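Build the full structure now, drawing on both the sequences and the hints.
So the sequence lines, in the order shown, correspond to chains A and B.
Just so we're aligned: 201 in numbering that gives the first Met the number 0 is position 202 of the first sequence, and the numbers increase by one with no gaps anywhere.
Just so we're aligned: 593 in numbering that gives the first Met the number 0 is position 594 of the second sequence, and the numbers increase by one with no gaps anywhere.
Keep in mind the hints are simulated off the structure, nothing from the lab.
Distance condition first, Cα-Cα at most 20 Å in a straight line; then the derived PhoX-like pairs of lysine-lysine:
1) 335(A) - 371(A)
2) 183(A) - 340(B)
3) 95(A) - 719(B)
Some chain A residues judged to face chain B by a derived CB distance under 8 Å, without partners named:
4) 24
5) 25
6) 27
7) 32
8) 68
9) 91
10) 95
11) 97
12) 118
13) 119
14) 138
15) 166
16) 208
Remember, predicted model here, so these are calculated numbers, not experimental data.
Ideal Cβ placement from N, Cα and C applies to all residues, glycine included.
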Amino acid sequence: MLDKSIKRSLLLCMIASAVLLLTSCRSDEITYPSEYEVLPMEPRELSSFAPNEPIGMYLLNEGNMGSNKATIDYLDFCNGCYIRNIYGERNPNVIKELGDVGNDIQIYGNRLYAVINCSHKVEVMDARTCRRIGQVDIPNCRYICFHEGKAYVSSYVGPISIDPNAQLGAVFEVDTATLEITRKVTVGYQPEELIVNNEHIYVVNSGGYRAPDYDSTMSIISLKDFRQVQKIPVCLNPHRLRKDQYNHLWITSRGDHKEVQPQLICLSPATNSQLPIANAPAVSEMVIFGDSMYYYGSHWNEQTMSNTITYGVLNIQYPTSNIRSFITDKTEKNIKIPYGIQVNPYNGDIYITDAKNYVSSGQLHCYSREGKRKWSVRTGDIPAHMCFIYR
Amino acid sequence: MNRRFLIWLFALSCLAAFSQNNAADSLITSSPHRLIASSPDSLIARYIDLEEYTITARVKEKDIIIPQTLSGVQLKKMNALSVADAIRYFSGVQIKDYGGVGGIKTVNIRSMGTNHMGVYYNGVQLGNAQNGQIDLGKYALENIEEIQLYNGQKSDIWQSAREFGAAGSIYLTTRRPRFEAGKAFNVKAQMRAGSFALINPSLLFDIRLSETMSITANAELISSDGKYPFRYRRVTPSGEVAYDTTAIRQNGDINAIRVEAAVNHYYSNTGFWKLQLYHYNSERGVPGAIVNNVWRNGERLWDRNSFVQATWQDELFNRWSVRANMKYANDYTRYINNDDKLIRVENQYLQQEFYFTMAHKVRIFDWWDVSAAYDVQYNQLSMFLDAHRWTHWLSAATAINIKNYLRLQASILGTFVNDKTPNNGEAHQREAINVKPLTLAKQATNVSKANTKFTPALFLSYRPTQLVDLRLNAFYKQSYRYPTFNDLYYTDMGNAYLKPELAKQHNVGLSFTQPFRIAEKRGSEFRINADYYYNRISDKIIAYPKGQQFRWTMLNLGLVKINGLDVNAQLHLVLPMDFYLTAKAQYTYQTAIDVTDPNDTYYGDQIPYIPWHSGSAVGMFGWQNDWQQYGLNYSFIYVGERYNQQENIIYNYTQPWYTHDLSIFGEWNIHPTAKRSTGVADLPSTAKRSISPIILRVALDVNNLLSQDYDVIINYPMPKRNYKCTISITY
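The following block contains the structure:
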């Protein structure tokens with residue numbers, strides 16, 4: 000009886016250990032490789048690109064908070080391919096990779112700037128190679144813009160405040176040559192996008208952390224003495240801020256997700272007067288390209304528990320008339336959560352990203368200016384921000 | 000045959016001894032076995048030994064399907080810090096551990112999610128109406144005598160209605176004070192110290208008030224700075240080191256105090272009542288995820304959990320068993336975010352719970368039992384958001400035992416939930432802890448909703464022959480996971496129209512137990528269980544994006560199919576020359592596949608953090624004589640490769656981890672008269688009564704022996720090799 004039992008148990012132990020051995024042990028953690036995917040595009044010589052024709056597009060994937068999965072993808076028009084996670088491959092020595100929650104990406108001069116919100120930094124890279132040059136530590140940074148060798152970054156965190164519910168945000172000035180912070184100015188609550196116009200910085204204050212007491216102002220900062228000179232009311236919970244070729248400012252707001260609907264307003268900075276737009280569409284993100292504004296709107300309906308998603312293009316001179324969808328082949332139903340939009344200024348191709356459920360790979364779709372889908376490709380998690388690079 | 004009879008006599012006598020303290024003395028002295036009779040020195044340890052190998056074996060006859068159990072001596076030998084550390088050795092269990100002494104540790108069973116797991120403290124479920132997560136790291140083993148894990152439900156039908164409700168159940172049973180003859184009190188003082196500046200003193204008192212009544216009290220302090228080095232290292236595909244960095248974990252400190260007290264009155268052979276107080280208070284740092292450029296976080300958490308619990312049970316007219324439980328719990332949580340890089344946050348929550356249950360069992364015939372139970376519970380959450388919930392449970396069950404060949408248990412549970420958010424569900428807060436805090440607003444729905452569900456369960460056990468202990472088991476069970484207050488009402492994220500999540504479990508299994516003897520020594524045993532299961536989770540509650548920037552809602556969208564195989568085996572050898580050896584091994588293979596929507600990129604992929612392979616092995620080797628005991632324990636845990644997000648792609652791949660833990664201990668009777676009496680087997684019982692042992696125990700533990708750098712949860716690094724030393728004195 001004893002022998003039998005012991006034999007049996009030995010056999011069992013052997014099986015168990017064999018199984019455990021077979022199911023691979025831990026090995027070295029390998030740096031994240033890039034993945035290359037060929038797109039239906041003709042490869043072209045670099046010299047064949049016009050100076051105002053993009054040779055590529057960087058795409059910043061936000062990554063879910065805490066996952067440290069912000070990544071940069073590269074759409075290569077020369078080789079006709081899509082490169083996932085180019086940053087990881089080009090910068091294997093960066094500890095813990097690019098960071099947590101990418102929030103903005105821009106090119107200025109020969110450099111690529113990525114604002115990494117929860118890593119509290121602006122990553123500075125060479126625009127051609129995507130190799131790291133350095134970083135600027137800015138707490139809770141959101142968006143970036145440039146003017147005369149300086150970068151301006153909005154940040155949720157301004158001065159330490161006594162009242163935890165009333166923490167004002169700030170705009171930081173960074174010297175792009177030295178990557179040092181040179182100046183800082185306090186603005187409204189949770190500032191978002193910003194632009195430079197006529198020796199002033201305009202930044203919209205969302206107050207997103209203060210729901211339901213959202214902010215609804217735009218701060219105007221004088222570049223000369225870096226001081227907030229004016230704070231004007233715009234719309235509740237503003238987010239996007241863009242300038243068109245007529246020097247008008249376009250602002251979108253998210254509303255309060257309840258009674259106050261998202262808004263689109265146009266503002267003349269000369270007089271700070273709003274040009275009324277009746278029945279303006281709900282815009283989540285837009286690109287202004289000449290007289291056209293390409294946008295998508297994504298609006299949750301509490302009654303139907305579903306998203307109302309719209310894709311449109313409007314003429315900024317006559318914003319309420321003749322709005323049409325820029326997707327004409329009915330493929331919009333394949334996009335679950337539109338999360339970023341960009342328009343190729345040379346050929347009018349429209350790029351739109353799909354964030355899906357925020358915790359899995361997204362997709363990048365390319366549409367022709369006629370509204371026909373040309374191709375789609377898998378991206379990183381939460382593809383959101385795109386910028387072009389030129390020859 | 001004669002020896003077998005003696006064992007039974009032994010078991011029975013011990014059972015009687017435990018229920019009637021006054022009888023213990025004579026029974027021990029009349030016992031034929033030297034183990035007990037002549038070794039007052041290690042009596043306490045052996046009492047539990049006995050209980051484990053004989054008493055529980057008999058009690059288990061009630062169980063249709065034998066649970067996985069860790070009790071008494073085994074628990075003590077493991078020397079684990081918390082319940083969570085011990086539970087890792089059960090098969091079918093996945094643990095989420097955020098690292099360190101203060102890191103949250105939750106478990107789920109058979110891939111079904113933490114909220115499907117019921118954790119019962121002396122028969123009453125530990126609750127967290129807010130988010131449904133029970134942090135098992137908070138429950139120390141100091142006062143725990145037994146941990147049992149049941150797949151499905153406890154197979155004794157005499158239980159409260161609520162106990163029929165969970166998909167898997169963990170039972171934590173606290174120590175029951177036992178007194179040697181003539182002893183009026185027991186005392187144990189223990190000091191534990193170790194890595195991460197761990198200091199953990201504890202004190203335990205039992206006082207005998209009368210032959211049947213006793214008081215027990217237990218207090219402990221846990222303090223740790225939570226600072227441990229961790230390492231992240233990556234190499235390039237060509238083998239060069241890309242980066243290799245070691246840092247110290249910050250803001251993982253904890254200061255906690257736990258106080259428990261109980262009055263027990265075992266007034267007859269069948270009846271007792273018990274009143275229990277529990278208080279836990281802690282302050283800890285929330286160390287947070289390690290991401291690029293962020294090496295410390297500023298979140299702090301205060302927890303205060305208090306409850307008072309009363310139990311009464313008796314058997315009337317020899318056929319009718321009654322049990323009643325009452326509980327009031329008051330839990331307070333405060334969370335602040337002090338990080339100057341982030342928006343400051345301060346949240347406070349207050350949860351209250353009232354619970355009452357009454358369970359009856361009637362033995363109609365010797366082979367047929369029926370039971371019925373009614374439970375009612377009131378939950379209230381205030382400060383952060385105001386919500387309250389009434390829940391009623393009603394159960395009926397029957398158990399049939401056909402000549403010990405076929406055992407059958409069937410139960411049906413009715414659950415009636417009534418939720419209300421009186422303040423229009425307004426959350427007073429601005430920010431969610433785990434949600435990207437961008438646009439959170441008030442929930443303006445005024446909701447009052449009722450929900451009624453019925454869930455059946457059927458358990459079968461067939462023993463083809465009485466000659467060997469081989470059983471074929473099967474069960475089918477349905478259970479619901481009710482949405483928590485967070486799921487329903489969380490600031491702008493909750494969805495008040497959620498349905499409960501339904502789990503259907505199917506299980507077939509085999510168990511075989513064979514006791515044997517080595518060189519005429521009894522007590523050796525071999526046991527093996529194997530189970531195959533198929534679970535289907537429908538209406539799974541998942542966070543679904545609302546469309547605008549990071550606004551989520553909870554929806555009943557998910558569908559997950561789980562197939563698994565659990566095997567566990569245990570060998571206990573009582574060897575000649577007073578040596579013993581226990582070996583346990585368990586292995587789990589499972590697939591948990593998301594089949595929600597074929598259009599998802601993760602359709603057909605393994606769900607996050609569920610490894611295909613996992614297992615553990617434990618070996619305990621020791622030697623003991625009348626006044627001393629030495630032991631060496633080794634344990635190994637393996638969790639195989641898995642993915643940290645829904646898609647099974649390279650960017651979400653998480654490596655296996657496995658740790659080796661080693662501990663040695665020694666136990667000596669340091670009573671001045673101990674040595675003199677050693678070996679005097681036939682000392683008169685009166686003399687023995689006077690020499691209650693004083694036991695000094697010293698244990699040394701090394702955890703993560705090979706100093707593996709691993710994350711259980713991505714970006715939450717676990718400690719490297721760490722040490723612990725325990726010294727205790729028991730009288």
